[in-house]
Each structure stands twice: as structure tokens, then as C-alpha cells.
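Required output: the full structure, derived from the provided sequences and hints.
So the sequences go chain by chain: A and B.
Each residue of the first sequence is one higher than the one before, starting from 1 at the first, in the numbering used here.
Each residue of the second sequence is one higher than the one before, starting from 1001 at the first, in the numbering used here.
FYI, nobody ran anything at the bench for these hints, they're computed from the structure.
Fair warning: there could be bad hints in the mix.
[Stated by the list, open to error] Calculated Cβ distances over 12 angstroms to all of chain A for the following chain B residues:
no.: 1; residue: S1014
no.: 2; residue: I1029
no.: 3; residue: A1030
no.: 4; residue: K1071
no.: 5; residue: E1072
no.: 6; residue: E1084
no.: 7; residue: L1088
no.: 8; residue: L1099
no.: 9; residue: R1106
no.: 10; residue: V1114
[Unchecked claim] Mimicking DSSO-like on lysine-lysine, the simulated pairs with C-alpha atoms at most 27 angstroms apart in a straight line are:
no.: 11; chain 1: A; residue 1: K188; chain 2: A; residue 2: K71
no.: 12; chain 1: A; residue 1: K293; chain 2: B; residue 2: K1107
no.: 13; chain 1: A; residue 1: K148; chain 2: A; residue 2: K125
no.: 14; chain 1: B; residue 1: K1071; chain 2: A; residue 2: K125
no.: 15; chain 1: B; residue 1: K1293; chain 2: B; residue 2: K1125
no.: 16; chain 1: B; residue 1: K1036; chain 2: B; residue 2: K1148
no.: 17; chain 1: A; residue 1: K148; chain 2: B; residue 2: K1285
no.: 18; chain 1: A; residue 1: K125; chain 2: A; residue 2: K188
no.: 19; chain 1: B; residue 1: K1188; chain 2: A; residue 2: K148
no.: 20; chain 1: A; residue 1: K188; chain 2: B; residue 2: K1107
no.: 21; chain 1: A; residue 1: K107; chain 2: A; residue 2: K125
no.: 22; chain 1: B; residue 1: K1293; chain 2: A; residue 2: K285
no.: 23; chain 1: B; residue 1: K1107; chain 2: B; residue 2: K1188
no.: 24; chain 1: A; residue 1: K125; chain 2: A; residue 2: K293
no.: 25; chain 1: B; residue 1: K1285; chain 2: A; residue 2: K293
no.: 26; chain 1: B; residue 1: K1125; chain 2: A; residue 2: K293
no.: 27; chain 1: A; residue 1: K107; chain 2: A; residue 2: K36
no.: 28; chain 1: B; residue 1: K1107; chain 2: B; residue 2: K1125
no.: 29; chain 1: A; residue 1: K107; chain 2: B; residue 2: K1125
no.: 30; chain 1: B; residue 1: K1148; chain 2: B; residue 2: K1107
no.: 31; chain 1: B; residue 1: K1125; chain 2: A; residue 2: K148
no.: 32; chain 1: A; residue 1: K107; chain 2: A; residue 2: K188
Fair warning: this is a prediction, and the values are worked out from it, not measured in the lab.
The beta-carbon is built from N, C-alpha and C at its ideal position, and this holds for glycine as well.
2 protein chains.
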Amino acid sequence: MSRRFIAAACQLGSISRSESRASVVARMIALLRQAKERGASLAVFPEMALTTFFPRWLIADEEELDSFYEKEMPSNETAPLFEEARRLGLGFYLGYAELFRDAAGRKRRFNTSVLVDRAGRIVGKYRKVHLPGHAEYEPERPWQHLEKRYFEVGDLGFPVWRTMGGVMGMCLCNDRRWPETWRVMGMKGVELVMLGYNTPTANSVAAHEGAHVRMLHNHLSMQAGAYQNATWAIGTAKGGLEEGVDMMAGSCIVAPTGEIVALATTVGDEVIAADVDLERGRYIKETVFNFAKHRRIEHYGIITGQTAATPPPD
Amino acid sequence: MSRRFIAAACQLGSISRSESRASVVARMIALLRQAKERGASLAVFPEMALTTFFPRWLIADEEELDSFYEKEMPSNETAPLFEEARRLGLGFYLGYAELFRDAAGRKRRFNTSVLVDRAGRIVGKYRKVHLPGHAEYEPERPWQHLEKRYFEVGDLGFPVWRTMGGVMGMCLCNDRRWPETWRVMGMKGVELVMLGYNTPTANSVAAHEGAHVRMLHNHLSMQAGAYQNATWAIGTAKGGLEEGVDMMAGSCIVAPTGEIVALATTVGDEVIAADVDLERGRYIKETVFNFAKHRRIEHYGIITGQTAATPPPD
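So, in C-alpha cells, the structure goes:
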């Protein structure tokens, strides 16, 4: 399969709490068609792309909570997306809330993404490892961020898949801020990392943190992760005013050089595309980031040896 | 000691092969005085600040090679720098090539930096871990990069020191590109990372890599390392045309938000300064990068478990 193709980030504007999956899927299909017009054969959708970002509310009613999760993928409601992508010959990345019952009958909830190849087959699944936010209701917050309540920590690590011409990886939202996310995939030779995100424009607990700084963090994390592992990265946002919370857009495609080569300019439904050559990162992997030659794991032990920081005594 | 002070990056322009240490030290003292005029109480000098960047040559004569290394610190030649800094009440970071004989009489060579407190005492030493370049002469290169020949891999890890009001760390040049460098210090609660660098403006083995991309990499690495560990960073370059090789300048001071708050605008001897509040990173360390809450070391094993990347089979 070709190592060079056009890839698209399919940014979504806001999704209200009442919007149906059928409506969202119709928007996504429209974006897929635009991506195809741009020549794309791979499309990346946001995190939890099928519904509003529900962790912003404490939802006590379990049936209501469960209504935000997908119990199968594809489902009756998402099948049209899979069918249209297959018809158009586009692979895609899709983020969604996943709910299933395990062998013991226990409900399991993950913040998940799947990678679908150009024939419409699910070839990879990822479950978010770095869950941000908190598990209990915090009354001082103007909106909640209850990912630690509504999801378990991902149990699949950071796999990569050799598909669609290269070594593909996935992560979700807050994962992008953690260099470990990128490095684990980098150690597996990743060439393209896909990720969706739902990030508010404002920091609800640090009003002094400007929107421009938060966008800097968004791009900085992806650019550094891409450069330091010589991989492409496609980051796709949910943008716009969603249920009273302004969501950061700023979807982008980053080259293995760390350069942003495509950038969304709206906060709504928008397709951006770039010519992705998976060979582009090779010289970086063979020179400055030739891990075999330059990494010194004998000095890295604390990174995996402990979770928390331990500053020296006062 | 105060957690808030003014810090300076003291960038050096080119140093020719024939320039004496006395001449370089005089330039550095002039920069220290400028830093003092700017109100600084901490100054950061470049990597191998006392001589030209000698790893660009294959130097067969051992006596000549040894002449680029410091055999003691301070020495007769560097003592005036220490004395002036003490007189002015400035702590400083100094990079230099270190040579000593170990107990077995063997010559040991490291690319080293020291941290000197405001009383003129050496309070910390670091030896470069991530040596770039190569060990053997490579005739296809317009200039050599023989750091792997002239230095051993640092044997001190990435220590931090509680001094001058905070938790201080050091690294050198190529170390800044490796997220492991920053994370190891981040795990130790670092609040200010000092680093010097000698980086050519052009990539001698990848002419297609533009100077602007190399400056992006320079700043991107420091900004990401600072943000992802909520630490200040001061990166000080050697700049200008040095023995036919154009050296990247771009010295900068980066806040724990990842923002560049001071930036050199010349390629010569230049002082830049910023108001450093070591408390600035606290909210980041307590929220988005609260390691205890969010890191998932059970999924990071490959980072320390192996040196080389292992892509999936074709």
C-alpha cells in the first residue's frame, strides 16, 4: 500500500445534549465527503465524536448516563458512517464512549477510539490511558470534568498497527500532553499518531491561564510529540460553544519535523487536509532520534519506577 | 532565599580556535556585569563556553586535544569569573569540557556543566548524557561532530539541587531534545532547568532541513520540556560564524507555561533577562501535570525497558 496519501482532520463543531446520533453521523458523513473531495484516504474524527461531551455534568441516573455510551461498534446508528467511508475508500479514526459487560457481568466503561481501514474493517482499538479531571462532584467548578468517574483507565496500553501503508498509533485528548504517550508509540516505530480531543477554551480552575496559552499547550504537545518521535500527528478537535462551554478548536496536522502543515481556522465542522508521506520522518529516526544510538535508559529509571514526583527535602 | 529573582541567559558569539581562555573569560565577565545591571542574580552561560566547539575537528594530537579541556574548576584562568560573580552576587551555570585522571590513572573526559551559587561555591555538577554525533571521522561531512569520540556518556544521571530558593536542574545541548531528560528532572520536582547549547544553523547531513525548522526544534524542545514538567528553562546558545560553521543562537528563557518570555535577537555576545517566579509552575504541577494523580507507569515500561525502537514486522 502506498506510503504517501492525503489525510484529513474532520473537526466537529458543538454537539448539543439533545442532538441525536443520526444527526451527528449525518454531519460526519458530510465531512467525509469533503475529505474525499480533497483527495483524502484517511480521516480523523474527534474524541467522543458521537455525542456532546457529557463528563461536564454529574449524571446520577444510570440509564441516562449509559445513553452516552456505545454498546456496539458499528451500531445501527453508526453503520452509515462505516458504509459511506468504505464506499469512498477512506480509512478513519473515531472516538466514542464505550460500554460493555465483561464475563462477570460487570459494566465496563472506557474512553475509546477505533481505527477503521479503507475496507471498513476495525483494525485497531485504543482506550484512553491519561484520564484528566476528577471522580467526585466539585461544586466550585463552573462545569465538571468527570472523566475519572465515568471511565476506567485504558487497559490496552499504547498499541500500534501496521495498516494503510505504515505504522499507525492512536491516543485521546489529554494523552497528547504526556511525552510518555508519544514515546511508548515511538519505541514501536510509529509513523502516524491519530488523536481526537475535547478541550475547553478556558481553564475552569485557573482563570489566569489565557486561551492563547491553552492553544499553545495544545499545539506544543502535538508538535513536540511528533518531532521527538519523528511521526506524523493528526489532532482533531471538537470546537465551538457546546452547552455553555466554549470548546477549543485548532485541529491540525503535524509533520515529523514538528511543523504544523494544516490548521483549522473555524470552530465548527471543518475539514483540513495534508499530503502525508510516511517516509518523511525516516531521516530523523536515523539521525538525531536514532534511539539505538543515543538513548541512555540506564538514566531513565525514575520515569517508570515511580508515579509521583519526589522533590528533594526542603 | 527568595523564590522570585531575575535570571539571565548570557549568550556568547563565536569563539575562534585561537582565542585564549583569558579573552573568553573577559567577555563572560562583561556579560555578567550586564546581567547585574539588568538586576539578575543568576546567569546561564553556554555549553563548552570557554573554547571553540572543538568536536568539529578530528584532533589526532592528544596534547592538542587535551588543551580544550579543563583540568580543574575553577582554574587560574576561570577564577576571575568566579570572583566577579561572587562579587556581584550572581549564581551561574557554566558548561565546559572536563578532563581528569581517575584512581586507576585513566583519562576521563566529559561534557560537563557546574552550578555555582551566589557565594561562589560549586553546588552541582552535571555530565552530558545524550552525546550526539559520532565517534569516527566521517569524510562526507563538511564538519565533524565527534562528541561520541571525545566524551564519555555522563555518569551522574540528571540530579537536581535545592539551592538559590528552588529545585535546580541542568542539562546540555542535545539533552534538551529528549523528553526523558526533562521528565527525569520533573520526577524530582525541578523548578528551573539550565542548559547551554552549541548547535549549527545547518544540518550537515540533511541539507533539506531548513534553518527555520532547526530553530523550531530548538525552541519546541525547550518549551515542551518546560511545560510538561511545569519548570522554568533557560537555554543559552553559542551563536555566530565560528571557524566556518554558522552556530544557531536563539537563546531563550521559557516559563513553566511553555511560553518564551525572553529571546536573544543577535548571534553575538548578548544578555537577555526575565523575572523568574519559581511559584509560577505550582498550579500546573498540582492540576494538569499532577503526576501522582495522572501518570500511568504500568503502560510506560518500554521507555526504560529497551533502548532501540522495535517496529512491528512488515
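message = Check the structure against each numbered hint from earlier and tell me which ones fail, lowest number first.
response = The structure conflicts with hints 11, 14, 15, 16, 20, 22, 23, 24, 25, 27, 29, 31, 32, although it agrees with all the remaining ones.
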